[in-house]
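Asks: Here is how the chains run, residue by residue.
2 protein chains.
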Amino acid sequence: MSFFDKQQNLKPERDENQSTHPPKLTRRTLLGGAATVAVAVVQTSWTKGVQIGIPEQPDDPTRRMGIPPGEVGTRSPFEKVVRKASDISSRTPLQDLHGTITPSDLHFERHHNGVPAINPATYELLIHGQVERPTVFSLADLKRFPSVSRIAFLECSGNFRTGKETMSPQEICGLTSQSEWTGVRLSTLFREVGVKPDSADGRPGWFLAEGGDAAVMSRSIPLRKGWDDAIIAYAQNGEALRPEQGYPVRLFLPGWEGNTSVKWLRRLEIGDQPWQTREETSKYTEGIKGGKIRQFSFDIDARSIITFPAYPVQVERGWIEIRGLAWSGRGKVVLVEVSTDAGKRWQRADLQEPVLDKAHVRFRHLWQWNGAETEIMSRVTDETGYTQPTFAQLIDARGADTGGYHFNPITAWQIKPDGRVLNRPENWR
Amino acid sequence: MSFFDKQQNLKPERDENQSTHPPKLTRRTLLGGAATVAVAVVQTSWTKGVQIGIPEQPDDPTRRMGIPPGEVGTRSPFEKVVRKASDISSRTPLQDLHGTITPSDLHFERHHNGVPAINPATYELLIHGQVERPTVFSLADLKRFPSVSRIAFLECSGNFRTGKETMSPQEICGLTSQSEWTGVRLSTLFREVGVKPDSADGRPGWFLAEGGDAAVMSRSIPLRKGWDDAIIAYAQNGEALRPEQGYPVRLFLPGWEGNTSVKWLRRLEIGDQPWQTREETSKYTEGIKGGKIRQFSFDIDARSIITFPAYPVQVERGWIEIRGLAWSGRGKVVLVEVSTDAGKRWQRADLQEPVLDKAHVRFRHLWQWNGAETEIMSRVTDETGYTQPTFAQLIDARGADTGGYHFNPITAWQIKPDGRVLNRPENWR
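So the protein lines, in turn, are chains A and B.
First residue of the first sequence? That's 1 in the UniProt record's numbering, and the numbers climb one at a time after it.
First residue of the second sequence? That's 1 in the UniProt record's numbering, and the numbers climb one at a time after it.
Hint data in this document are derived by calculation from the structure and do not stem from the laboratory.
From a predicted model like this one, the values you see are computed outputs, not experimental measurements.
It cannot be assumed that every hint is accurate.
[Stated by the list, open to error] Which residues of chain B face chain A? A partial, calculated answer using Cβ under 7 Å: (1) 70; (2) 98; (3) 109; (4) 115; (5) 277; (6) 354.
[Unchecked claim] Going by beta-carbon spacing under 7 Å, a handful of chain B positions derived as facing chain A: (7) 67; (8) 69; (9) 79; (10) 81; (11) 82; (12) 101; (13) 102; (14) 112; (15) 116; (16) 204; (17) 208; (18) 237; (19) 286; (20) 290; (21) 342; (22) 352.
Just so it is clear, CB atoms sit at the ideal spot from N, CA and C, and this is done for glycine as well.
Sequences and hints are given; from them, build the entire structure.
Replies: So, in structure tokens, the structure goes:
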């Protein structure tokens with residue numbers, strides 16, 4: 001089959017990478033065609049703090065010796081891919097990314113008092129409380145234990161914004177990212193210090209995770225999560241954690257709300273009940289029906305979003321591959337459905353293998369747009385049978401107070417007749 | 001079980017992250033202990049071209065407001081992880097990395113005339129020759145086709161060095177790296193331009209892949225690889241290809257020798273026989289027995305290497321997790337065995353799931369070193385039944401001329417009584 005008719009093949013697209021094709025497709029005209037396009041644009045590279053002008057483009061790059069290798073590579077100065085940052089957070093540019101791995105320097109950030117400067121040579125992790133052998137571990141100690149690596153997403157439970165049409169996936173839900181995390185299983189350390197499967201009187205145990213940042217970020221976590229799949233992580237995407245991600249050591253709780261994966265981890269205390277910290281009382285709770293408040297809502301509910309086409313791109317009629325991400329904190333994604341008629345009919349999207357547990361999954365669905373105004377949206381179902389709800393279903397479940405955490409509604413994009421793609425802000429606050 | 005006896009837990013290790021532990025493990029002494037350690041070291045960060053001093057370490061980081069988020073993250077100035085670079089190549093620091101993903105700026109490079117400056121706005125890919133519809137594709141055209149993502153390794157067929165004891169994994173075989181690649185299947189473009197499954201007279205077809213660099217790097221590839229799993233890649237680890245990796249578009253042939261994954265791809269010509277280019281006659285061939293030369297040896301043979309412990313680390317007696325990477329260009333790794341007694345006995349190592357096709361796999365094996373001098377080594381077996389050979393087996397198969405390509409011998413590390421780990425250069429050239 002052919003995705004473009006010949007004419008489209010020769011017609012420049014409305015795209016920043018637009019190019020005109022020579023009418024005659026010989027190699028001579030190919031190179032000639034390229035040679036006729038002058039490059040005026042000058043921009044900076046995204047290497048922090050450095051200004052690199054775009055190198056002059058030779059008419060024929062094969063006639064100029066290239067740049068030799070260096071100690072580290074760099075992005076192309078033609079690529080502007082950055083996070084939108086505020087004083088407390090920065091958001092991953094989901095609409096600009098491909099596949100499922102987030103480059104470490106584009107992983108979202110959400111801090112409660114900024115990124116502390118911690119010296120790995122003096123770093124220590126204390127594990128104490130209801131344990132047989134209170135112990136302080138150096139970074140070197142932690143790296144000597146048996147290690148584990150896992151590709152998984154990390155999402156902030158406050159990852160939802162709406163309110164206007166001109167919002168990109170980054171603005172709507174850019175507080176989710178994915179990395180390959182490496183560290184030691186917390187269960188290994190629990191055995192090392194002598195944590196009993198549950199506390200003395202049989203009540204389910206808890207532990208306090210405390211960060212070394214200026215907010216002393218602290219959360220109470222059920223012991224079972226520590227025994228299950230918690231990781232004391234010191235590496236991300238092959239290299240040491242980035243400072244913004246908890247360098248030198250963070251807690252990583254697969255599938256749980258981001259704030260529980262405490263960064264710059266300095267202390268774990270084992271006890272038999274939650275500590276009722278600031279971050280689980282005044283923050284990170286949701287209102288539910290009847291004016292009640294839901295506390296300790298750890299699991300990230302299944303969610304999906306179409307990242308292409310999405311604001312700010314403009315599309316042309318014809319074949320479009322709808323692309324997006326889907327994930328669930330409760331296990332594997334089993335189904336992603338896409339609607340191209342505002343939710344009337346749904347079709348199964350293709351999932352990129354391998355589909356991993358508690359991980360972002362790339363979904364794709366081929367669609368031929370006829371140029372008529374419509375809405376496109378996606379919904380995910382995970383292995384527990386949970387299906388991503390609509391905004392109305394969430395409001396109904398939460399009652400008047402929508403809280404603002406764990407808000408994962410189906411996200412719809414309006415496709416205008418001129419090809420503009422806009423957020424559908426059905427849900428003004 | 002306990003991996004350290006108590007004494008070890010309190011004893012500083014011979015490690016750059018060395019720290020002393022307070023004798024009494026209360027939180028007060030923990031912080032007090034940290035506060036007594038002054039930080040004198042000053043080094044530069046690895047953000048290319050920028051000098052960033054290490055921030056002064058507050059006695060208690062919780063008492064100082066941290067750094068707010070930015071548009072892109074940075075490495076910790078305490079982490080020096082770089083590639084060893086020459087005029088023609090740079091090598092991934094395998095001994096410093098964790099898991100299986102290689103950060104894009106640490107992916108190895110091997111160029112034949114440097115990195116060209118290519119403007120994505122004028123980039124074009126010509127597909128012509130024995131096709132029904134010769135076509136020029138812009139970058140925007142390529143991005144509109146159905147896409148695919150795949151985590152796979154890329155290795156240079158010349159990835160072997162030895163000759164002295166003081167060599168790290170980076171120096172021995174740092175010309176292999178792993179990324180998640182995204183692009184359009186070449187088979188999709190073959191259908192678009194009308195390539196027949198094989199050429200008119202029934203002979204197996206070939207295509208020429210030509211790069212836009214100053215070497216006009218060119219290789220002849222059997223059509224079947226294009227129909228099988230070849231990718232026209234425009235993204236790597238979530239973002240656009242790096243310039244050093246072929247920006248804006250490269251050919252990616254999973255499991256095949258790196259030079260065939262032609263970077264800065266500008267032309268594909270379909271024909272019925274190989275072009276006998278410079279890179280498949282004077283280069284990238286191996287001598288075999290009887291003075292013959294092996295040509296078109298595309299597949300990367302199965303290989304493994306222990307990356308920890310490895311030169312230059314020094315270890316202490318006690319529990320050590322042996323860690324390494326294993327891969328095969330012919331499919332999945334099914335078995336990695338580790339010997340800790342110079343090859344007399346072999347034990348099955350643990351493989352980190354998921355084990356992917358034609359991908360680096362992280363293996364681990366727990367070992368208690370008694371302090372006696374020994375040698376440790378690993379060998380891999382892939383799903384075809386092929387087992388990584390010894391150096392002697394390779395020399396025997398190749399005859400006098402070892403060629404230098406596709407040389408994948410078992411790599412052994414000497415463990416000295418003082419804990420030094422040294423390459424075993426049994427195979428001086």
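Asks: Hint by hint, say whether it matches the structure.
Replies: Now for the hints, and whether the structure bears them out:
1. Using the Cβ-Cβ criterion of 7 Å, the hint placing residue 70 (chain B) at the interface with chain A is satisfied: the shortest such distance is roughly 6 Å.
2. Taking 7 Å as the C-beta contact cut-off toward chain A, the hint placing residue 98 (chain B) at the interface holds, the least distance being around 4 Å.
3. A distance limit of 7 Å between C-beta atoms decides the matter here; for residue 109 (chain B) the minimum to chain A is near 4 Å, and the interface restraint holds.
4. The interface hint given for residue 115 (chain B) holds, since its Cβ lies 4 Å from the closest Cβ of chain A, which is under the 7 Å cut-off.
5. Because the smallest distance between the Cβ of residue 277 (chain B) and any Cβ of chain A comes to about 14 Å, over 7 Å, the interface hint for this residue is violated.
6. Given hint, residue 354 (chain B) at the interface with chain A, holds; its Cβ is 5 Å from that chain's nearest Cβ, closer than 7 Å.
7. Proximity of residue 67 (chain B) to chain A holds as hinted, the smallest CB-CB distance being about 4 Å (cut-off 7 Å).
8. The beta carbon of residue 69 (chain B) comes within 4 Å of a beta carbon in chain A, closer than 7 Å, and the hint placing it at the interface holds.
9. At about 5 Å, the closest approach between the beta carbon of residue 79 (chain B) and any beta carbon in chain A falls short of 7 Å, and the interface hint on this residue holds.
10. With a least beta-carbon distance of about 6 Å to chain A, the hint placing residue 81 (chain B) at the interface is held under the 7 Å criterion.
11. A cut of 7 Å between beta carbons decides the hint on residue 82 (chain B): the least distance to chain A is about 4 Å, and the hint holds.
12. Look at residue 101 (chain B): its Cβ gets to within about 5 Å of chain A, closer than 7 Å, so that hint holds up.
13. A hinted interface residue such as residue 102 (chain B) counts as satisfied when its beta carbon comes closer than 7 Å to some beta carbon of chain A; here the least separation is about 5 Å, so the hint holds.
14. This hint is violated: residue 112 (chain B) has a C-beta 9 Å from the nearest C-beta of chain A, more than the 7 Å allowed.
15. Residue-level restraint check for residue 116 (chain B) holds (minimum Cβ-Cβ distance to chain A is 4 Å; threshold 7 Å).
16. Of the supplied interface hints, the one on residue 204 (chain B) is violated, with its beta-carbon coming no nearer than about 25 Å to a beta-carbon of chain A, more than 7 Å.
17. The closest approach between the C-beta of residue 208 (chain B) and any C-beta of chain A is roughly 12 Å, which is over the 7 Å cut-off, so the hint fails.
18. Hint on residue 237 (chain B) holds. Least Cβ distance to chain A is approximately 5 Å, under the 7 Å limit.
19. With 7 Å as the threshold, the beta carbon of residue 286 (chain B) stays out of range of chain A, its nearest partner Cβ sitting at about 25 Å, so the hint is violated.
20. For residue 290 (chain B), the suggested interface contact is broken, since its CB lies about 37 Å from the closest CB of chain A, more than 7 Å.
21. Interface restraint check: residue 342 (chain B) against chain A, minimum CB-CB distance 24 Å, threshold 7 Å, status violated.
22. Of the supplied interface hints, the one on residue 352 (chain B) holds, with its beta-carbon coming within about 5 Å of a beta-carbon of chain A, less than 7 Å.
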